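Whenever a hint applies, use it, and build me the whole structure from the sequences.
So the protein lines, in turn, are chains U and H. For the first sequence, numbering that gives the first Met the number 0 begins at 0 and goes up steadily by one. For the second sequence, numbering that gives the first Met the number 0 begins at 0 and goes up steadily by one.
By construction, these hints were calculated from the structure, which means they are not laboratory data. A quick note: this is a predicted structure, and the numbers were derived from the prediction, not measured. Among the clues, some could well be false.
With a straight-line Cα cutoff of 30 Å, these simulated DSSO-like cross-link-like pairs (lysine-lysine) come out [to be verified]:
hint, chain 1, residue 1, chain 2, residue 2
1, U, K294, H, K101
2, U, K436, U, K421
3, H, K451, U, K107
4, H, K222, U, K806
5, U, K367, U, K380
6, H, K53, U, K100
Stretches of chain U that chain H covers, calculated by requiring three or more beta carbons in the stretch to come under 8 Å of a beta carbon on chain H [said to hold, decoys possible]:
hint, segment
7, 274-288
8, 558-572
9, 673-681
10, 718-731
11, 734-746
So the derived list for chain H, only partly shown, Cβ under 10 Å to chain U, looks like this [claimed, not checked]:
hint, residue
12, S207
13, Y228
14, D243
15, A246
16, S278
17, D282
18, V450
19, G454
Note that beta-carbon positions come from the ideal geometry of N, C-alpha and C, so glycine has one too.
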Amino acid sequence: MIRASLLTVMGWFCLVSITICGWADDRVEFNRDVRPILSDNCFFCHGPDAGHRQADLRLDVREAAIESGAIQPKDVTASSLIQRILSADPDEVMPPPDSNKHLTAEQKAILQRWVAQGAEYQQHWSYEPPVKAEIPKGQNAIDVLVQRRLSEIGMEPSPRADRRTLIRRLYSDLIGVPPTPEEVAAFIADEQPNAYERLVERVLANPHYGERMAIGWLDVVRFADTIGYHSDTPRNVWPYRDWVIQCFNENKPFDRFTIEQVAGDLLPDANQETRIGSAFNRLLLSTEEGGAQAKDYEARMLTDRVRAIGAGWLGQTTGCAQCHDHKFDPITMRDFYSLGAFFADIQEPILGRREDGMIVATEAERAKLAELDTALAEAQKKRDAAAAALDSAQAAWEAKVATENVVLPEIAGGAAPTEGEKKGATEAATALKKEAKDRSAKEKTAIQTYFRQVVDRSQQSVFDELAEKERDRNGYYGSLAKCLVSVSTTKTRTVRILPRGNWMDESGEVMQPALPHYLPQPVIEGRPLNRLDLAQWLVSRENPLTARTVMNRLWKQFFGTGLSKVLDDLGAQGEPPRNLALLDWLACEFMDSGWDMKHMVTVIVTSQAYQQISTASPERLAADPDNRELARQSAYRVDAELVRDYALSIAGLLSPTIGGPSVKPYQPEGYWENLNFPVRQYVADTGESQHRRGLYTWWQRSFLHPSLLAFDAPSREECCAERNRSNIPQQALILLNDPTYVEAARAFAGEILASSATTDRDRIIWAWQKALQRDPRPEELETIEPLLIQHRQIYQSQHDAATAFLKVGQVAPPDGLDSVELAAWTHIARVLLNLHETMTRS
Amino acid sequence: MTTQALSTNRRQFLTHASQGVGGVALASLLNPRELFAAPQAGALDTLPLPQRAKRVIWMTMAGGPSHLELFDRKSKLAEMSGQPMPASVTQGQQLAQLQGQKLYCLGPQFPFRKYGQSGTELCELLPHLGSVVDNICLVKSMTTDAINHDPAHMFMNTGSQIAGRPSMGSWVTYGLGSEASDLPGFVVLVSTGKGRSPQPIAARQWNSGFLPSRYQGVQLRSKGDPVLYLGTPTGVTHEQQAADVAAINALNRRRDVIEPDPEIATRIAQYEMAFEMQSSVPDLMDLSQESASTIQDYGCEPGDGTFASNCLLARRLAQRGVRFIQLYHRDWDHHSLLREELPLRAKEVDRACAALITDLKQCGMFDDTLIVWSGEFGRTPMSQGNKGPIGRDHHNKSMAMWLAGAGVRGGMTYGATDELGYAAVENVCTVHDLHATMLHLLGIRHDAFSVKFQGLDARLTGVEQAGVLHDILT
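Here is the structure:
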């Protein structure tokens, strides 16, 4: 009933929309219209940063702006702000010409209208609590809110994509590999109701879902296998990557996911799993460079962590406040360093080698290690007893040697000692000539070694046993996975405000952990705040930023762009979302659902908005080139890791194994030649490890694997909320010439030849189905068939060339295949693996 | 593949190679070519300043060469050699490996002499540079913020000590584009044949940071494929490669008709460019095309990967329109063995630097090429003896560097350090000033050249004040 009358009212609104829109257009809204102008052009000198404020004027606070006379609400002529922006005098006009800022006529008009209307301010949108729009029951909120926006701007949504496109899109977005032709055919043929919804359920239950979702998060937390600075040596963190995958697969609520990362070691129920999560705090850059100063790197590590919290959860560019109060957002230096103080309890070396980290093991493995430890301790005890006995025997022998002038037999001659024996004896004899008190440590060792190895070997078995137990224990310890984790110490580092970010200046005030002053927060009294408080606050209902930040990033995974385009900045310099109601609904629903990630993914991918076609007429493209209004889907090249996964998957080479230590795919020789301390040798993995998914690639920060780098994977030295999406010639060189892709093409060709298809035409169709899950078009056949014939003819006259081509990579070509045929088909496979369509999600 | 095929004009060659693919495919292969007939445009439509320099050749002496040996003669330091460093100078200052050590002065280890008409003083280890000294401007008052190699390289290359910022080569190619139609606009060469165990360098030093990846520096290597993955797989001829590329592009083009996507045209063009590079890069690297006297002037053996070879390649890259060329020469980190090792490094670079200047003049390119020679920091006037035979520690309060070419005043010495060479005191220059000057010569206003990143107008020259070194410009 209520809904019916609402519809009636809405219909009525449409009739009079011209009048209403006319009024709405005139009404200036601070956050939408005014703040971007002031922030971009004025706040740098007249904003939150007191240290840099000019003329003691601030325009970011209404009272201050009025008090200074800059603004007289409703009186345009009396407002000096307006006078100054309209002035023709270069000494008067604002912004000043040397600032390289310039207001357009339209911007000036907006500011005048705003003052005329009363110069009302609003708090910045992202600091206000998100408001959940009322959605008619039974409707997908995304569709309601997208449609509402489209109606406002007079755009129409696009039709639903065909089923092949839909399943390919879903697989790309949620698993990261293409579907098989059979899966596509089954989905197309599924006539049951809710075929799409059931497909979504299946895909979400696929264990490779966690891998796909992990990629973005690993960028955000800057997960990498090496320390980053200078020598860029390895460290143990890969179990954290597996933990992330597992969390997504198990659909761990995002609040818990957050808490375990920031403070998994401080939880009352802390266990191995939550501690691995806390490896997050250890993922920063560190150095082993000689001459590095602890205070310098202590400051770098603190700032690194604050930036990570800002980027990962808050969508705030906290980094600015390292040296001065933020110029655009209310974050102060005090906020910055007191956020940093939350991490002052983490036990870690500031400089030098990281520790091995926590052993990550099953109960049985731990028990076995304990057993080996015990055995080792016992062997050590036995050794101690044996050593004591030998020492007294040695003393007696030494006395005898001294009094009787014994010449050691190896020196005296007679027997034929080896060079080694002779050397040992000579060293011992020389040492023995000295007074006991005058012997160096080395000389003492020489005598002891000689005595134990030559004179009295009665205890040798005890030493052998010890050596064996050591080998056993250390070998087993070495084989266990380890992970750097957070360990809290009561000896916290002192955190001071560093004036202008200068670590050598120790005059700044000492900071205690505190939450950013401008955001709502709980009252905690009687004890200092700790990381667990920070973690819980990040995902508290009161925090207006986290859910929005995370949902904005998630949106990008499914539409190619965030609702607010600047993923790492929801502050004043970011972009106010085109559809704030939508972002807010997602943020609220995320929290209301108990931070349920799979639920949110489901809501998004089952929306009509998600299922639209990604193509558009030239007019529609021109109207919204970046698809900000969601009147269609977007097409884009898949991420770096997936480029690899796609090729290997189509070729049938991709290993389905989930997790484990990072792996080393083929890499050009000499690519690491400029690494040092130590010099690094890259040894490509063999067997299954050569064909793992891209996200398991060894992440060497200073020289990231070149095929990942070329497809825009970040080095993960800093948090990265958004990757570039480039299109460069190196990508072509990789897909054409990298042994990974040549080998994949050959494996794919082998599959084609082993398939049920027997004619050239049928084989081409089969290959098209495998790579693209569709049949080739006639004109495509016209390109491919002559190409096949051309290569076949060349290899028929050059068998050696065919053989050489087939040798690229590690996987041996299948037996019994004609090498000319296989080589010719490898070219066809190669063409398919290189196609834009193959690596594009649309 | 025959030499005939290699030397054939590319268009003819592709026509020939693509015959098996059919007319439509051939057309598709050739049409996008037009995209590359023109230079790659930059983000700046019009330049606010006159463009004195069309390109930059930046020589990075990685490790931090000693200005006190090479460029900045300090007689007072020589006098005080062996005596304690006055505490007043070093009190409360940032030190690297000498932190907490007793500090002693170390006088210059090699004689200096005056060179050229300008009478510029240089170390006698640099006679060839001395012969062209009237063409260079020696800056003795450089400073930097960082004191460890990695952050100092980052700062010198990106203007920031936080990873993830674009390098200067990326900024410049982003702003100006490139005139090279078949080579990347930003090229990096690292000398091989390092003597000891040199300090590492990182690819982030030529990374494009938050700028699009196409502006990232592409390393040219003397061993293996000169550009990664440049080589066609064994068993595949150039003709076969051409046929595959033609087919890929033909199919992509058809796709563009069915599901229009602007990225497809770009992808087609990039396959063209990649294929073109497979010929143009080996052609570029082939120094046998150079005359014997040129080779001799530089003092290199073709293909040896030395700094000298790279200087010659730099000239060839410049001729082909590459915008930013960066040469790395490593192993200048003389904490120890200063007397033994520094002369070797000097010898490796001296002749080639002079040859490049002379060569560019002969080609008529000296006047629009900016050459910069610099380390990532300087070295202490205090000796370091805790790492073996005498050396000097890292130092950021003073360093020397030189510039030459486009718009730079030749025969000039600019700025000065205090009497011990500890701190720059006259006309003190920062890395941001250097970047500002470089951009100025390229026709770019450093304070108006920015990209939005994390809510800021990010600039190569950072948020601090930076100034163009007008005094060193003609």
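These are the hints, each one checked on the structure:
1. U:K294 - H:K101: Between K294 of chain U and K101 of chain H the Cα gap is close to 20 Å, so the pair holds against 30 Å.
2. U:K436 - U:K421: Roughly 25 Å separates the two Cα atoms, so the pair holds.
3. H:K451 - U:K107: Roughly 22 Å separates the two Cα atoms, so the pair holds.
4. H:K222 - U:K806: 22 Å, holds
5. U:K367 - U:K380: 20 Å, holds
6. H:K53 - U:K100: 28 Å, holds
7. 274-288: Since three or more residues must qualify, the claim that chain H covers the segment 274-288 of chain U holds, with 3 doing so at under 8 Å.
8. 558-572: holds (count 6)
9. 673-681: That given contact holds, which follows from 5 residues of the segment 673-681 of chain U lying within Cβ reach (below 8 Å) of chain H.
10. 718-731: Per the Cβ count (9), the hint holds.
11. 734-746: It holds: at least three residues are needed, and the segment 734-746 of chain U offers 5 whose Cβ sits within less than 8 Å of chain H.
12. S207: Holds, because the Cβ-Cβ distance from S207 of chain H to chain U comes to roughly 8 Å (cut-off 10 Å).
13. Y228: Holds: closest Cβ of chain U sits about 4 Å from Y228 of chain H, inside 10 Å.
14. D243: 6 Å, holds
15. A246: Cβ of A246 of chain H sits 5 Å from chain U, so the hint holds.
16. S278: 13 Å, violated
17. D282: 16 Å, violated
18. V450: 12 Å, violated
19. G454: 3 Å, holds
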